[in-house]
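Chain B: place on chain A using the hints.
So the protein lines, in turn, are chains A and B. For the first sequence, the working numbering gives the first residue as 203, with consecutive numbering after it. For the second sequence, the working numbering gives the first residue as 678, with consecutive numbering after it.
Note that these hints are calculated values from the structure, not bench results. A hint or two may mislead.
Simulated crosslink set (DMTMM-like; lysine to aspartate or glutamate; CA at most 25 Å straight-line) [stated by the list, open to error]:
(1) A:Lys-271 x B:Glu-777
(2) A:Lys-272 x B:Asp-763
(3) A:Lys-228 x B:Glu-721
(4) A:Lys-271 x B:Glu-721
(5) B:Lys-755 x A:Asp-299
(6) A:Lys-228 x B:Asp-734
(7) A:Lys-300 x B:Asp-763
(8) A:Lys-228 x B:Asp-733
(9) A:Lys-300 x B:Asp-740
(10) A:Lys-228 x B:Asp-701
(11) A:Lys-272 x A:Asp-209
(12) A:Lys-300 x B:Glu-721
(13) A:Lys-228 x B:Glu-777
(14) A:Lys-271 x A:Asp-294
(15) A:Lys-300 x B:Asp-734
(16) A:Lys-300 x B:Glu-777
(17) A:Lys-300 x B:Glu-782
(18) A:Lys-300 x B:Glu-691
(19) A:Lys-258 x B:Glu-777
(20) A:Lys-272 x B:Asp-740
(21) A:Lys-272 x B:Glu-777
(22) A:Lys-258 x A:Asp-209
Examples of chain A residues toward chain B, derived with CB under 7 Å [stated by the list, open to error]:
(23) Gly-244
(24) Leu-248
(25) Lys-300
Negatives, chain B to chain A, calculated, CB over 12 Å [unchecked claim]:
(26) Tyr-695
(27) Ser-704
(28) Gly-762
Note that the structure is a prediction, hence the values are computed from the model and not measured. For glycine and all other residues, C-beta sits at the position ideal for the given N, C-alpha and C.
So you can see what is in the structure, the chains are spelled out below.
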Amino acid sequence: SQQGEEDPQALSIQEGENATMNCSYKTSINNLQWYRQNSGRGLVHLILIRSNEREKHSGRLRVTLDTSKKSSSLLITASRAADTASYFCATDAYNTDKLIFGTGTRLQVFP
Amino acid sequence: GAGVSQTPSNKVTEKGKYVELRCDPISGHTALYWYRQSLGQGPEFLIYFQGTGAADDSGLPNDRFFAVRPEGSVSTLKIQRTERGDSAVYLCASSYPPGELFFGEGSRLTVL
Numbered sequence: 203s204q205q206g207e208e209d210p211q212a213l214s215i216q217e218g219e220n221a222t223m224n225c226s227y228k229t230s231i232n233n234l235q236w237y238r239q240n241s242g243r244g245l246v247h248l249i250l251i252r253s254n255e256r257e258k259h260s261g262r263l264r265v266t267l268d269t270s271k272k273s274s275s276l277l278i279t280a281s282r283a284a285d286t287a288s289y290f291c292a293t294d295a296y297n298t299d300k301l302i303f304g305t306g307t308r309l310q311v312f313p
Numbered sequence: 678g679a680g681v682s683q684t685p686s687n688k689v690t691e692k693g694k695y696v697e698l699r700c701d702p703i704s705g706h707t708a709l710y711w712y713r714q715s716l717g718q719g720p721e722f723l724i725y726f727q728g729t730g731a732a733d734d735s736g737l738p739n740d741r742f743f744a745v746r747p748e749g750s751v752s753t754l755k756i757q758r759t760e761r762g763d764s765a766v767y768l769c770a771s772s773y774p775p776g777e778l779f780f781g782e783g784s785r786l787t788v789l
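Isolated chain A (complex conformation) (with noise of 0.2 Å):
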């Protein structure tokens, strides 16, 4: 079963324009995670936001975090070609570490 659920499922976009995409979740969670995944590759970490925290920053990538929604979002500011991507949200359901994983927006991003 998949815990989150990311939208929208597909977005495409201009280079130098933000993409944003959004995450829910069902259960309380300890943290979440955004991975990106580029086709036929694994999955890389971007970036961790625990439940106590609102927002966070690294680099052109901002997530912020609803924990009375369950709801997450990731933000790319100045979107490039090579931002093309799946992205997909992950958390851990409370007093576990197993790592669940959404549905996925898949990001276009056109030169």
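Using the frame of chain A, we list chain B on its own:
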């Protein structure tokens, strides 16, 4: 090695055969995860090891699937009597301590 290594990268087998997929985690990582990913879907949790023991195997779909990690390092995912529906990419990840996961490139299994 520097990263998580999975072998084979590709495996084609016939329905009903037995398959083993191997994962060599990052040295020192105590936690090891197996996921299965079908085309266009997110990774589906199968099993998670902390050290040698399976801390959570609730994602294994049925008793044809089994995984071991006898020395707390390398893990093997074993699939008996394979079915066409088992075709997917099997991903392994490791971490220390549990938190950020480091993934291998996956083993693509095709059951004919």
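Each hint tested on the structure:
At roughly 24 Å between alpha-carbon atoms, Lys-271 of chain A and Glu-777 of chain B fall within 25 Å of each other, so this suggested pair holds. Distance check on the hinted pair: Lys-272 of chain A and Asp-763 of chain B sit about 32 Å apart at the alpha-carbon level, beyond 25 Å; violated. With a CA separation close to 16 Å, the supplied pair Lys-228 of chain A and Glu-721 of chain B stays within the 25 Å bound. As the CA atoms of Lys-271 of chain A and Glu-721 of chain B are separated by approximately 24 Å, the hinted pair is consistent with the 25 Å bound.
Distance hint between Lys-755 of chain B and Asp-299 of chain A is fulfilled; the C-alpha atoms sit about 23 Å from each other, no more than 25 Å. The hinted pair formed by Lys-228 of chain A and Asp-734 of chain B meets the criterion: a straight-line CA distance of about 20 Å does not exceed 25 Å. Taking the CA atoms of Lys-300 of chain A and Asp-763 of chain B, the gap is about 22 Å. The hint holds against a cut of 25 Å. Straight-line distance between C-alpha atoms of Lys-228 of chain A and Asp-733 of chain B comes to about 19 Å, which keeps the hinted pair within the 25 Å bound.
Of the pairs offered as hints, the one joining Lys-300 of chain A and Asp-740 of chain B holds, with about 20 Å between alpha carbons and a cut-off of 25 Å not exceeded. Using a Cα cut-off of 25 Å, the hinted pair Lys-228 of chain A and Asp-701 of chain B is violated, with the two alpha carbons roughly 32 Å apart. About 14 Å separates the Cα atoms of Lys-272 of chain A and Asp-209 of chain A, which keeps this hinted pair within 25 Å; it holds. Between the alpha carbons of Lys-300 of chain A and Glu-721 of chain B the distance comes to roughly 11 Å, so the proposed pair stays at or under 25 Å and holds.
About 20 Å separates the Cα atoms of Lys-228 of chain A and Glu-777 of chain B, which keeps this hinted pair within 25 Å; it holds. The hinted pair formed by Lys-271 of chain A and Asp-294 of chain A meets the criterion: a straight-line CA distance of about 16 Å does not exceed 25 Å. This hinted pair checks out: Lys-300 of chain A and Asp-734 of chain B have alpha carbons roughly 10 Å apart, not beyond 25 Å. About 12 Å separates the Cα atoms of Lys-300 of chain A and Glu-777 of chain B, which keeps this hinted pair within 25 Å; it holds.
Taking the CA atoms of Lys-300 of chain A and Glu-782 of chain B, the gap is about 20 Å. The hint holds against a cut of 25 Å. Annotation: proposed proximity of Lys-300 of chain A to Glu-691 of chain B is violated, straight-line Cα distance about 32 Å (limit 25 Å). The hinted pair formed by Lys-258 of chain A and Glu-777 of chain B meets the criterion: a straight-line CA distance of about 15 Å does not exceed 25 Å. The hinted pair formed by Lys-272 of chain A and Asp-740 of chain B fails the criterion: a straight-line CA distance of about 34 Å is larger than 25 Å.
As the CA atoms of Lys-272 of chain A and Glu-777 of chain B are separated by approximately 20 Å, the hinted pair is consistent with the 25 Å bound. Between Lys-258 of chain A and Asp-209 of chain A, the direct Cα distance comes to roughly 20 Å. Compliance with the 25 Å bound is thereby established for this hinted pair. A least Cβ separation of about 4 Å between Gly-244 of chain A and chain B falls short of the 7 Å threshold, and the interface hint therefore holds. Hint status for Leu-248 of chain A: violated, given a least beta-carbon distance of 10 Å to chain B, over 7 Å.
A cut of 7 Å between beta carbons decides the hint on Lys-300 of chain A: the least distance to chain B is about 5 Å, and the hint holds. Distance check on Tyr-695 of chain B: its Cβ is at least 25 Å (rounded) from any Cβ of chain A, clearing the 12 Å threshold; non-interface status holds. Every beta carbon of chain A lies more than 12 Å from that of Ser-704 of chain B, the smallest distance being close to 18 Å; the non-interface claim holds. No beta-carbon of chain A comes within 12 Å of the beta-carbon of Gly-762 of chain B; the shortest separation is about 17 Å.
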